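*Asks:* Going down the list, the protein sequences come from chains A and B. Residue 5 in the numbering used here sits at position 5 of the first sequence; the count goes up by one each step and never skips. Residue 187 in the numbering used here sits at position 187 of the second sequence; the count goes up by one each step and never skips.
Please keep in mind that the hints were generated in silico from the structure rather than gathered at the bench. All values reported here derive from a predicted model rather than from experimental measurement. Ideal Cβ placement from N, Cα and C applies to all residues, glycine included. Please note that the accuracy of each hint is not assured.
[What the hints assert, rightly or not] What follows is a list of derived Cβ distance ranges for each label pair:
| hint | chain 1 | residue 1 | chain 2 | residue 2 | range |
| --- | --- | --- | --- | --- | --- |
| 1 | A | I468 | B | E200 | 23 to 33 Å |
| 2 | B | G173 | A | F50 | 56 to 66 Å |
| 3 | B | V409 | A | L465 | 30 to 40 Å |
| 4 | B | P113 | A | R386 | 31 to 41 Å |
| 5 | A | G430 | B | G70 | 12 to 22 Å |
| 6 | A | L465 | B | I58 | 58 to 68 Å |
| 7 | B | G204 | A | A470 | 51 to 61 Å |
| 8 | B | E259 | A | E290 | 51 to 61 Å |
[Said to hold, decoys possible] No more than 20 Å apart at the CA atoms, straight line, and that leaves these computed lysine to aspartate or glutamate pairs for EDC-like:
| hint | chain 1 | residue 1 | chain 2 | residue 2 |
| --- | --- | --- | --- | --- |
| 9 | A | K357 | B | D145 |
| 10 | A | K224 | B | D145 |
| 11 | B | K148 | A | E132 |
| 12 | A | K224 | B | E144 |
[What the hints assert, rightly or not] A partial selection of chain A residues facing chain B, derived with a Cβ cut-off under 8 Å:
| hint | residue |
| --- | --- |
| 13 | N106 |
| 14 | A128 |
| 15 | H340 |
| 16 | D344 |
| 17 | A348 |
| 18 | I352 |
| 19 | G472 |
| 20 | L475 |
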Amino acid sequence: MQLHALCRGGLLSPRALAAAFTATFLLTGCGGDDAAGKKDAADFARLDAFPSTYSVEQSRPVLISGATLLTGTGEMLENTDILLKDGKIARIDDGLKAPRDALVVNGEGKWVTPGIIDVHSHLGNYPAPAIESSQDGNEMTSPNTAEVWTEHSVWTQDPQFPLALAGGVTTLQILPGSANLFGGRSVTLKNVPGRRVQDMKFPGAPYGLKMACGENPKRVYGGKGQAPSTRMGNVAGYRKAWIAASKYKEKWEKYAEVGGEQPERDLELETLAGVLNGDILVHNHCYRGEEMAVMMDIAKEFDFQISTFHHAVEAYKVADLLAENNVCAAMWADWWGFKHEAFDMTEANIAIVDQAKACAMIHSDSAVGIQHLNEETAKAMAAGQRAGFDIGPEHAVTWMTLNPAKALGIDDRTGSLEKGKMADVVVWSGNPFSVYAQAEKVFIDGELMYDRDDPARQPRSDFELGIIEAEGERL
Amino acid sequence: MTRFLIQLAFLGLLAGPVHAETVLIKGGKVHTLSGIGTLAQGDVLVRDGKVQAVAPAINERADRVIDARGKVVTPGVIAPQSELGLTEISAASSTNDHAVSGESIGSGFDPRPAYNPKSTLIPYNRAHGVTRAVVFPSISTWGEDAGKLHRVFAGQGFAITLNGGFDSVVAEGLGQKAYLGEMGSQLAGGSRANAYARIENALGEAREYLNNREAIRRGNWRELSHSLADLEALQPVIQGQQPLIVTANRASDILQALELAREYELRLIIQGAAEGWMVADELAAAQVPVVIDAVNNLPISFESLGARSDNAARLQSAGVTVAIGGPGYGSTHLVHLARQSAGNAVVHGMPYEEALKAITANVARIFGLEGGVLQPGVIADIVVWNGDPLEVTSYPEQVLIGGQPQSLVNRSTRLRDRYLKPEQGHEMGYRF
Chain A
1 MQLHALCRGG
11 LLSPRALAAA
21 FTATFLLTGC
31 GGDDAAGKKD
41 AADFARLDAF
51 PSTYSVEQSR
61 PVLISGATLL
71 TGTGEMLENT
81 DILLKDGKIA
91 RIDDGLKAPR
101 DALVVNGEGK
111 WVTPGIIDVH
121 SHLGNYPAPA
131 IESSQDGNEM
141 TSPNTAEVWT
151 EHSVWTQDPQ
161 FPLALAGGVT
171 TLQILPGSAN
181 LFGGRSVTLK
191 NVPGRRVQDM
201 KFPGAPYGLK
211 MACGENPKRV
221 YGGKGQAPST
231 RMGNVAGYRK
241 AWIAASKYKE
251 KWEKYAEVGG
261 EQPERDLELE
271 TLAGVLNGDI
281 LVHNHCYRGE
291 EMAVMMDIAK
301 EFDFQISTFH
311 HAVEAYKVAD
321 LLAENNVCAA
331 MWADWWGFKH
341 EAFDMTEANI
351 AIVDQAKACA
361 MIHSDSAVGI
371 QHLNEETAKA
381 MAAGQRAGFD
391 IGPEHAVTWM
401 TLNPAKALGI
411 DDRTGSLEKG
421 KMADVVVWSG
431 NPFSVYAQAE
441 KVFIDGELMY
451 DRDDPARQPR
461 SDFELGIIEA
471 EGERL
Chain B
1 MTRFLIQLAF
11 LGLLAGPVHA
21 ETVLIKGGKV
31 HTLSGIGTLA
41 QGDVLVRDGK
51 VQAVAPAINE
61 RADRVIDARG
71 KVVTPGVIAP
81 QSELGLTEIS
91 AASSTNDHAV
101 SGESIGSGFD
111 PRPAYNPKST
121 LIPYNRAHGV
131 TRAVVFPSIS
141 TWGEDAGKLH
151 RVFAGQGFAI
161 TLNGGFDSVV
171 AEGLGQKAYL
181 GEMGSQLAGG
191 SRANAYARIE
201 NALGEAREYL
211 NNREAIRRGN
221 WRELSHSLAD
231 LEALQPVIQG
241 QQPLIVTANR
251 ASDILQALEL
261 AREYELRLII
271 QGAAEGWMVA
281 DELAAAQVPV
291 VIDAVNNLPI
301 SFESLGARSD
311 NAARLQSAGV
321 TVAIGGPGYG
331 STHLVHLARQ
341 SAGNAVVHGM
351 PYEEALKAIT
361 ANVARIFGLE
371 GGVLQPGVIA
381 DIVVWNGDPL
391 EVTSYPEQVL
401 IGGQPQSLVN
411 RSTRLRDRYL
421 KPEQGHEMGY
431 RF
C-alpha cells in the first residue's frame, strides 16, 4: 500500500483524531495535504475496508405531540412536542407546528425515549434457528483471534433483528464470543433490514475489540491442554499480545515518520494496534472485581483505554475504580449462578456503579433479553431505589440509551433526544419502565421502521417467508 | 416493623414450626384465584399454617397483624419446572445433581436424595415470591455426554416448599419426565421417531411387567430392555396415578404426544409447547395442560419456528390449562422471573388473573400440589407485594410459607448491603 493511502484522517472518529494529534509523528507526517501523498499515521482501524453503506433516509418529517419525553440527558419533559426532520431531531418544544406532509403522532399518554442501544448482542452471529452450521460467533481455534471481524459472520436475515426492533432497539453492537482472550472485532449496527451487513453498519462508528477475562478462555484452552489454563495464564496472554502490538505500532509509526521498507500487514496486530492508538474500543467480558482491576492495570501498563466491562456481575465491588479509570460497565439486572464468576450477583449492581459516578448500563447478551431492555432497566432501577438511591426514570433511561452510546463511541450522534442528533426515537404505549409498556413506533434516522399498528411497517427477514405455511409468514 | 418480623421469622425457624400462631393480613387487594374471587380490599386470616378465612373485613385478634393496605396479596408463586436444591452453579459440575447421562438408568432415577434445602437459590427465589417448586431431573448431553446414546426418560420429580428446612420436600413421585422432539431425537440416536419408539417400548414393557410381575422378578421371562427399577418407576404412570411430562415444541410432536397419551391412557403434561397455539384445540380437547416459557418468542430451533409472544394467551383462550415457568435464559437460578413472563403474557392478550393463575393455581392443579389459591383450608403460602405482582418494579414485602413469615434476606441483598454500608474496621475489600 502506498503511503498516501494511509492518510485517512477524514474517516477517523473524533476521539481517534484527538489521540492522533497528540502524537508527533502525525504532526510531522500528515499535514493535511493527503492528496500530495505525504506520510501519515498507519490506519490500523481500516474503517474503509468494508465501509458502511447504510442509507436510510427520512421520507417525511415527523411530529410527535404532547408526549412525556425522557431525553436521556437527565430530563423528563411532560406534554412536550418533538420534531424529527431530515433524519435528525430538529426541535423539542411546546406547541410545535407540524410541517406540511408531516407524519403526526398523537403523543398523548405516550412516552418517548431515545432508541435503545444494546452494547452486547450476538444477533446475526448466533442467529435463530440455532443449528450447527449457524454458530458463527466464536472462533475457538486460538486464544488470540484479534484478526477476525465479526461482521463477516453476521447473517443479516436473522429473524431476531426485527424482534429486537419491536422492543425499541435501534442500535446494537455485535460482538464475537468470549472463548478467546482476544475474540476479534465487533461491529455496531443500526437495526434496519439489509442485504449486506454493510447496509446495517452504523456510519463512522468505531470498531470494538472483544476481550475476555476469567473462566471462558481458561476453560476452552486449558481443556485442550494449551495456554491459558489459569487466570494468570490469561493475563500473561494479554500482556504478550500487547507487547507484540506495541512493537507493531512502533514499526508502522517509524515507517510513517522516516519511510523505508513498508512493514508487512498483520491482521491480528493491526486490530490491537488500533486499540493502542485509540481508534478501536476495548469491550471486555469480565465478571469479577479483582479481574477488572487487573485489566485496568494492564491498560495502564500498555497505555490504552478500556471502554467497557461486559457482564460485570461484580462491578459494584469496584465501582470507584471504574469511575476513577473512566471505564463503563455493562450489566444484567439479575442474571447469576451459571458460572462461579457470576455467583456474587446483586440486583443493585447497576445502581451502585451509577451512584459511584461510573458509566453504567444494561445489556442483553440474549435475543430474548434484547426485546425487553426497558423491563430489565426497570428492574435495575427498582433495585436501586430499594438500596436507598433516588433514581427516577429520567435518569435510569440513560442506562439503555446514552451510556451504551458512550461505550460505543457514538454518543455525539445518538443516545439522547437532543437537537441535531440522529432521530433514533421510540414512542412507548406508556411509562417504559413497566412490564406492560410496548414500543409502538420505532424511528431510525427519522424513518418509521416499526409500527405496532401497521403490519406493513414490521420488517420480516427472508427466513420468515413461507415458514410453517407456504403462503404465510412466520408471525 | 419488617425487620422485627424477619427477626421473629428467624427465631421461628430456629425453634421449628409454630403452628398455633395466627396471622391476620389486613386491608390488601386480595387475589384469591379461587371461587372467592378478588377482593379490592380484604383480610386474610391464617391459623395453624392454613388459610382460615378470606373476607372483606375480619375482626379477630391475631398473634401477628400485617398491614397490607395499599398492597397486593396473592398465593405464593409456584415454579412448575426447576432444579432447585439440585444445583448451585451451572458450570460447576460438583454442585449439580439434576442430570445423569448414559443408558444405565432412566425412569428409575430419583434425584430426591440429592436435594439440598440449603442451596442459595432457595432464599433468593423465596425473596422474589416463590414459595413452592416442582423439581425434575434432566439428562446431560454436554461435554463428554454429547453424542452418546441415552435413555429418553429423565426420571422422577418431587416438590418442595422454599422455607429452606430439611423437611421441605412436600411431595415425591410427582411424575415422570421424557423427551420427544429435537432433544428426544438427540438422545435416541438421531430421530424423534426413535425417541417416540423408545417411550412406547418402555411403556409397553411396563405393562408387561404389571401383568407378569412375579414371573419377571423370578427371572422366568424373556429378557426386557429396561431394568426392574425403571419398570417399577413407570407403574404409577401407566396406571394413571402419576403424570408423564413430555417435552415437545413442534406442533406435530405435540400431536404425537397426545396420540401416545391416548394409546396408553396417560395423564400427560406437555413441557415446552412453543407451537402449542397451533394445536390448542387438540390440547384442550384432550385436557392436557402445558408448561411453557411464555417469553421465548424466538424461532430458536426448527421445532419452534412458530414460537410467538401470544402463545400463552392463545392456549388459555382455547381452554388449555397453562403454567408459565421461568424463562429459559434464566435457568433455575431465576425461576421467579416467571412472573415477568406472566406480565408479558398479559401484554400479549392473556387475561390478568389467568396470568396470575399460570404461576400459582394452575401449577398446583397440574401437579396436585397444595397452595396456589387463597381459600379456607388451603396451605398458607402467601405473598404480600408492594404493588402489582406481575409488574417488574414490584417485589414481595412479606412471604408466608405454611403460615410462617419468611426471611427475605439472601446473598444478593447481603452482598448489596456489604458494599453499600461498609462497617468500621471491615471496609470494602477493594480499598487497598
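*Asks:* Does each hint hold? Answer for all of them.
*Replies:* So, going through the hints one by one against the coordinates:
no. : hint                        : in the structure
1   : A/I468 x B/E200: 23 to 33 Å : holds (27 Å)
2   : B/G173 x A/F50: 56 to 66 Å  : holds (60 Å)
3   : B/V409 x A/L465: 30 to 40 Å : violated (52 Å)
4   : B/P113 x A/R386: 31 to 41 Å : holds (38 Å)
5   : A/G430 x B/G70: 12 to 22 Å  : holds (21 Å)
6   : A/L465 x B/I58: 58 to 68 Å  : holds (60 Å)
7   : B/G204 x A/A470: 51 to 61 Å : violated (38 Å)
8   : B/E259 x A/E290: 51 to 61 Å : holds (56 Å)
9   : A/K357 x B/D145             : violated (47 Å)
10  : A/K224 x B/D145             : holds (17 Å)
11  : B/K148 x A/E132             : holds (17 Å)
12  : A/K224 x B/E144             : holds (13 Å)
13  : N106                        : violated (21 Å)
14  : A128                        : holds (5 Å)
15  : H340                        : holds (5 Å)
16  : D344                        : holds (6 Å)
17  : A348                        : holds (5 Å)
18  : I352                        : holds (6 Å)
19  : G472                        : violated (10 Å)
20  : L475                        : holds (6 Å)
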